[in-house]
Structure formats: C-alpha cells, structure tokens
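Undergrad: For the record, the sequence lines run as chains X and A.
Numbers 1 to 172, taken from this note's numbering, label the letters of the first sequence in order.
Numbers 1 to 411, taken from this note's numbering, label the letters of the second sequence in order.
Don't read these hints as lab results, they were simulated from the structure.
All clues given are correct.
One-sided and incomplete, this derived list gives chain X residues near chain A with beta-carbon spacing under 7 Å: (1) G65; (2) A73; (3) D127.
Computed list of chain X residues with no C-beta within reach of chain A, every gap over 10 Å: (4) R20; (5) A21; (6) D91; (7) G94; (8) P133; (9) I151; (10) L152; (11) T164.
Beta carbons are placed, not taken as given, at the ideal position from N, Cα and C, and that holds for glycine.
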Amino acid sequence: MAVVVWITEGTWPACVDAARAYAPPEAEIVLLHVLDTEASAVAHGAFVGLLGRAHPVTGHRPATGWGRDPGDAAEQTATVSERNLFQAAADRIGRPCSRQTRAGRAEREVVAAADGADLLVLARDGDLRHLGPHSLGRATRFVVDHAPCPILLVWPQQAPDVTTLPPPPPPR
Amino acid sequence: MLSVVLLAAVLVCAVVRPWGWPEAVVAVPAAAVVVGAGAISLPHAAAEAGRLGPVIGFLAAVLVLAQLCADEGLFRACGAWMARSATGRPRRLLVQVFALASVITAVLSLDATVVLLTPVVFATAARLGVRPKPHLYACTHLSNTASLLLPVSNLTNLLAFAAAGISFTRFAALMTLPWLVAIGVEYLVLRRFFAADLDAGAQAPADSAAPDLPLFALLTVAGTLVGFVVTSAIGVNPAWAAFAGAAVLGVRALTRRRTTPAAIVRSAALPFLAFVLALGVVVRAVVDNGLASSLAHLVPHGSTLPALLGVAALAAVLANVINNLPATLVLVPLAAPSGAGAVLAVLLGVNIGPNLTYAGSLATLLWRRIVREHDNDVDLGEFTRLGLLVVPAALTLSVVALWGSLQIVGG
Numbered sequence: 001m002a003v004v005v006w007i008t009e010g011t012w013p014a015c016v017d018a019a020r021a022y023a024p025p026e027a028e029i030v031l032l033h034v035l036d037t038e039a040s041a042v043a044h045g046a047f048v049g050l051l052g053r054a055h056p057v058t059g060h061r062p063a064t065g066w067g068r069d070p071g072d073a074a075e076q077t078a079t080v081s082e083r084n085l086f087q088a089a090a091d092r093i094g095r096p097c098s099r100q101t102r103a104g105r106a107e108r109e110v111v112a113a114a115d116g117a118d119l120l121v122l123a124r125d126g127d128l129r130h131l132g133p134h135s136l137g138r139a140t141r142f143v144v145d146h147a148p149c150p151i152l153l154v155w156p157q158q159a160p161d162v163t164t165l166p167p168p169p170p171p172r
Numbered sequence: 001m002l003s004v005v006l007l008a009a010v011l012v013c014a015v016v017r018p019w020g021w022p023e024a025v026v027a028v029p030a031a032a033v034v035v036g037a038g039a040i041s042l043p044h045a046a047a048e049a050g051r052l053g054p055v056i057g058f059l060a061a062v063l064v065l066a067q068l069c070a071d072e073g074l075f076r077a078c079g080a081w082m083a084r085s086a087t088g089r090p091r092r093l094l095v096q097v098f099a100l101a102s103v104i105t106a107v108l109s110l111d112a113t114v115v116l117l118t119p120v121v122f123a124t125a126a127r128l129g130v131r132p133k134p135h136l137y138a139c140t141h142l143s144n145t146a147s148l149l150l151p152v153s154n155l156t157n158l159l160a161f162a163a164a165g166i167s168f169t170r171f172a173a174l175m176t177l178p179w180l181v182a183i184g185v186e187y188l189v190l191r192r193f194f195a196a197d198l199d200a201g202a203q204a205p206a207d208s209a210a211p212d213l214p215l216f217a218l219l220t221v222a223g224t225l226v227g228f229v230v231t232s233a234i235g236v237n238p239a240w241a242a243f244a245g246a247a248v249l250g251v252r253a254l255t256r257r258r259t260t261p262a263a264i265v266r267s268a269a270l271p272f273l274a275f276v277l278a279l280g281v282v283v284r285a286v287v288d289n290g291l292a293s294s295l296a297h298l299v300p301h302g303s304t305l306p307a308l309l310g311v312a313a314l315a316a317v318l319a320n321v322i323n324n325l326p327a328t329l330v331l332v333p334l335a336a337p338s339g340a341g342a343v344l345a346v347l348l349g350v351n352i353g354p355n356l357t358y359a360g361s362l363a364t365l366l367w368r369r370i371v372r373e374h375d376n377d378v379d380l381g382e383f384t385r386l387g388l389l390v391v392p393a394a395l396t397l398s399v400v401a402l403w404g405s406l407q408i409v410g411g
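Let the sequences and hints guide you as you build the complete structure.
TA: What follows is the structure, encoded as structure tokens:
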C-alpha cells in the first residue's frame, strides 16, 4: 500500500501526524512537496522590471552589487528550506519514508503524484476562521475534486467540535 | 521618424540585451545619431542633458548610499528584527514587511527594495517556516506603489521633480497622503488575497539572537533626510544632502576597509546613468518631432479631479505598454504646463501602474520569452489577477488623495 503525504509550509505537522496514526505499518510512505516556483519568479520579474540597470543577462558569473537577481537568491532559499522541511517531516514521522519533490502548480502536481497511490493525506488549507466552503482553499479544493485515490483530509490544528455547527436553517 | 525608430531600438535592446551588452551601448550611440541627424538641435540636446545631469547625480548618490547601508548590515538587521518578532505569526510578518518595504523604498529607492530587501524577506520567511509568497508579492508591489513619497524613491520621481519646479518638502507634503492611501489599498487587498497562506501558520522555531543594529548607518540615513528638508528650505539642490550621506558612509567604510573605491564606483551604476541620459535625449527628439502635438490632445489639462484621474490613467496605460521610464520622459513635459498637480498625477500612474502587467511592462514579457524560455513556464494568472484587484483601486483612491492634498497644501 502506498500513502502519499502532501506537506506544505505551515500545515505539514498535521499531515505527518495523520499518516503516522492511520497508515498501516506495512504501508510505503512518500513525503511529497511541491516547490513554489512562482514566488521566485515574482522576484525575478521585479528585478527585470528595473529597465536599464545593466544587469547581467544570465548568471554565468556570480553577480555583485546591483546586479544580484533577488530571484536567484529566492530559488536558493527555497531549495534549502525544502530540504529542511523534508528533514523535519521525516524526523517527526519516525518511520521509513521516501521523499518526492515536484515543481509547478501545486494542485496539479499533487494530483499527478497521487496517481497509483492508495491514499493521499493532505491538510485543509483555506479560511479556517469561517467554517464552510471557504475553509477549503483553491488548491485543496482542486485536489479533493480531482484526486485519483481516496483522500484523508485533516485539520491543520485541532478539529472543531460539534458546538461550532451553525444553527439549522429555518423550516420552509 | 528616425527618432521613433531609434527609440524603439533603444527600448528593445534595453529589454533583449543582445550579447549581454549594457543598455548604454545602444542608447548612447542612438542619442549621438539623433543629434547628428538634426532630429534635435545640439543646444536643445545639451539643455536636456543639463536638466537630466543633476537628476542622475542624485540617483547615483542614493544608490551608493543604499549599497553602503547594505554593507553596514542594515538589511541583515531588518531580517533579524522580523524573524524575532514575527515568530509563528505570518500576518504580523506581513505588517512588518509592509512597514520596511514602504520606508526603504521611499528613502533608499525602489532598487534597494527589489535587490537588497527582497532576498532578506524571502530568507526570513523560510527561517520562520512561513509561506513566502504573500511577503514576496508585498515587496515587489511596494517597490512600485511605495515609491510615491519622495523624489529619491524612484527615478521617475526624480525626472518629474526636475520638471515640476517644486521643492523637495513640498513634493513630500503633497505625496504623503497618496502614498499612505496606496499602501493601505495594497495591504487590504494582499491580506485578503493571500488569506489562506497567511492562515496556514508556521512551526519553525526561530533562534532569537538580538539583531545587531547598524546605528551609524541609520543615523546617517536620518541625517540625510533632515538634509533634504534643510537644503530645499535654503534653496540648495537636495542632491548635495544625498552626496553628503553617501560620503559619510563611504569614508567610514573605506577607513574600516569594508569596501574599496572601485566597489563604491560600481555601486553608482554608471552604465545605467549613461543609459538614462541617452534615453532622455532620444525621447526628447521623439517628443519634439510630433509626439508632443499628437499626445497633447490626449493629456487632460488642469488640476480638477477628473483631469488628474485622466492624466494618471493615461500614464498607467503608457507605463504598462512600454515601460514607466520612457512614459515619464514623454508625459512629464506635457503635463508640466498644467501645474505640479498634473505632474504628480503622472507619477501616480507610472509608479502604481507597473503592478498590473508582469514586472511592470509588456516589454518584460518579451524579455521572458527570449531569455527564460527554457525555465518552467510561469503562471501569469495570479500576478495579473492581483494587479487587477490592486491597481485600479490604488490608483483612483491615491489620485483622490492627491487632489485632497492639493486643496489643503495648495497647488
């Protein structure tokens, strides 16, 4: 049995804990992280938008001073931070697991990575202060709709209790 | 006609950068050809260069000042401060990023925010285990939007400042309200747009080493700001205050062997300054040879609210179609006869407008096609959606704020 655990900054501990609690002992666990290429692309773009600054076109030489592209720094930071995230998740899960990294649009990459898996674990990722449709963010919603396998959807923090239920609609 | 072709060539080469040449390599000969072919008379070109010269010197001083502040560890200290007080609280981090990016853009120019602050913000977000995207978007958006306050915040401001004939303090007084309004709109929209990322929280414990405050650099920057006010009060070019600030930090860094004279000269970005000068001459030739008369009827006259809105919208469109630098060079002379209000409205357009198209211009899209086609295809949808939410609202409300300031402070 293959269990894919989608880890993202902020909400990963809940996913890891759920995998530890619910994945059968013989299951093969894959930690999945999608690198956010857009954030560094935004930094690249802002740099390029500064017209006429005589920036080096590509990074053949290490640039100095005003020629340092913040997008390059962002890419490096993202790679290091992904490595740390994997390490923290592997430490927390405390059992053998493999790591898979992908780049691109998170929701599509996750669906693709879940192909052939027996279970996908992911965290609710939206407006958690208003329980309702928006507590599933865009990416989570997409994965829930399109995942090719059963899904274990967990709360990033403690799940709300039944007292948070809204009052029933008035009888018509 | 010749000057239009040359302007197009200068802009395309500035974007495409054939063989990695600095932009000035094409722009300076183009300016020489424009003068040589008589598209602009030599005295006229000299007058334009004479007008741009002090502006460019001012910019160089600010760039050197910002780089020296970075050498002194100012931006590292900013990162340490954010990491210390925003642990586990992404929304608080966003507020801090907004505060820092707004002040740094206003005082040390947008280049400082893009090149020096953005990597620090990204690293801080990573250290805190916070999703970086909202904070990165805040930096890039504010490098444009928060560059309204002072003439030194943006090259576009310096160009307009020279033409508008208003003092440094008056510029700041008129732009304070629009600056605050535009930043406020950005904050409200970004907070909502990235609500999911900001709600996700953070777990990574931050090591809470106290930031090493670069007091000397901070005091020098504060002194430079006071210098701006004093120089403009006694009728001296405020560029001297920037030179003095850069000189103080430069001498200190040299005596402590933290930098070299060559590094200081490099941080003045001389090829860029030459490019601006040459671009100014070429644009002047285009404006003199018909663009002025054909655009003149498009530029609304007067300082009424509808006229200011019209000028700002036109400026925003032009900044998105070409780039905000040539847009400023073209529009400022046309708006100047209508008074300082119209010139400042142009600035609102060219400074806020670039957040609409990716990285501020369609020209940049061209650049991406050519140079980065091997990279992952970037999703432009989110950037554009965010821009559509922010730019019209920020632009309209800040023009209203400018109009209000003109009523209070006087046009």
